[in-house]
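Keeping their order, the protein sequence lines are chains E and Z. Counting in this note's numbering, the first sequence runs without a single skipped number right up to 297 at its last residue. Counting in this note's numbering, the second sequence runs without a single skipped number right up to 205 at its last residue.
Any given hint might turn out to be false.
As the list claims (entries may be wrong) - Here chain Z is said to cover these stretches of chain E; the calculated rule only asks that three of the stretch's residues, wherever they fall, bring their Cβ under 8 Å from a Cβ of chain Z:
| # | region |
| --- | --- |
| 1 | 180-194 |
| 2 | 214-220 |
| 3 | 224-231 |
| 4 | 254-268 |
Because the hints were derived from the structure by calculation, they are not lab data. No experiment lies behind these values; they were computed from the predicted model shown. The C-beta atom is built at its ideal place from N, Cα and C for all residues, glycine as well.
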Amino acid sequence: MRALIVDDSPVMRKVVERALRQAGLDFAEVLQAGNGIEALDVLRSNPSPDIIVSDINMPGMDGLQFLEQRRVENLAPGVPVIMITTESSAPLVHRAIAAGARGYICKPFTPEQIRARIIPLLVRSIAAS
Amino acid sequence: MHDDLIRQLDEAVTEVFAVLLNLACEVSQPSPEELRSQQPPPPALTASVHFSGLLEACCCLQMDSRSATEIAADLTGLPAINITADLSADTAGELCNMIAGCWKKRHADEGASSQLSCPIVRRGSCHHAPPPFRENLSLRYQIGHHRMTLHVAFN
Numbered sequence: 169m170r171a172l173i174v175d176d177s178p179v180m181r182k183v184v185e186r187a188l189r190q191a192g193l194d195f196a197e198v199l200q201a202g203n204g205i206e207a208l209d210v211l212r213s214n215p216s217p218d219i220i221v222s223d224i225n226m227p228g229m230d231g232l233q234f235l236e237q238r239r240v241e242n243l244a245p246g247v248p249v250i251m252i253t254t255e256s257s258a259p260l261v262h263r264a265i266a267a268g269a270r271g272y273i274c275k276p277f278t279p280e281q282i283r284a285r286i287i288p289l290l291v292r293s294i295a296a297s
Numbered sequence: 051m052h053d054d055l056i057r058q059l060d061e062a063v064t065e066v067f068a069v070l071l072n073l074a075c076e077v078s079q080p081s082p083e084e085l086r087s088q089q090p091p092p093p094a095l096t097a098s099v100h101f102s103g104l105l106e107a108c109c110c111l112q113m114d115s116r117s118a119t120e121i122a123a124d125l126t127g128l129p130a131i132n133i134t135a136d137l138s139a140d141t142a143g144e145l146c147n148m149i150a151g152c153w154k155k156r157h158a159d160e161g162a163s164s165q166l167s168c169p170i171v172r173r174g175s176c177h178h179a180p181p182p183f184r185e186n187l188s189l190r191y192q193i194g195h196h197r198m199t200l201h202v203a204f205n
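Put together the whole structure using the sequences plus the hints.
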């Protein structure tokens, strides 16, 4: 399995990667990007990941713009995207879901919360493919 | 009003460290030496996050580099020796960001119509609230063996 983690904070990328690995998920590769622009480049130049975990509030291109551009370019269609962010307001959650996010986790989070949200999405995604 | 604000900030700081690191948070009192000198020890890292929209505020977290390094190591699982100065600074920024986010969600209406900036981290104790803010609060916390100060400026 492969994951793409998008966050402008290197520490949060490590924290999410650690949570994914602690969940017992066998990721052969965890790709990383510091904002939406880098994430689009990763998707254009690599095989599709099995899951994308993205922050919203990032400089350059934020997580919502990344989702919208991903849809325009039809990059990694069908790959579930989970948003992990400090922004928890309902309008923002609705915008993220409308832009294609399949789940939403608020920071701060525990590894258990990551596991509870991501494993069901991965199982469905792998079964569908 | 300040009592409510202080309670919300205490809750926000407590939530961040309890969830992330299972650490308890206590309001910290200045040491006798600090009271005598009226000068807190200079922090090495100052992280700030600005609110825009209905909430006009600035949240600023000050901590020493050693605490930031140790917290980064605990969060990432990396040995402290592998935590670079940039990762320590990034950790201070993310902690400030999460505290600001937890505080924001405690303001139901204003919070929903406000946005957080990306965190900015400076090395040193330079904390300058932008001039338009009318109110300032400074709160000190002891989290595990780490000490940090939270400044909030707002209208």
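How about the region 224-231 of chain E: do at least three of its residues have a C-beta closer than 8 Å to a C-beta of chain Z?
-> holds (count 3)
In terms of beta carbon proximity below 8 Å, does the region 254-268 of chain E have 3 or more residues touching chain Z?
-> holds (count 6)
Against chain Z, does the region 214-220 of chain E show at least 3 residues with beta-carbon separation below 8 Å?
-> Coverage by chain Z is violated for the region 214-220 of chain E (0 residues, Cβ < 8 Å).
Mind taking a look at whether chain Z covers the region 180-194 of chain E? Criterion is 3 or more residues with CB to CB distance under 8 Å.
-> holds (count 4)
When held up to the earlier numbered hints, the structure conflicts with hint 2 and nothing else.
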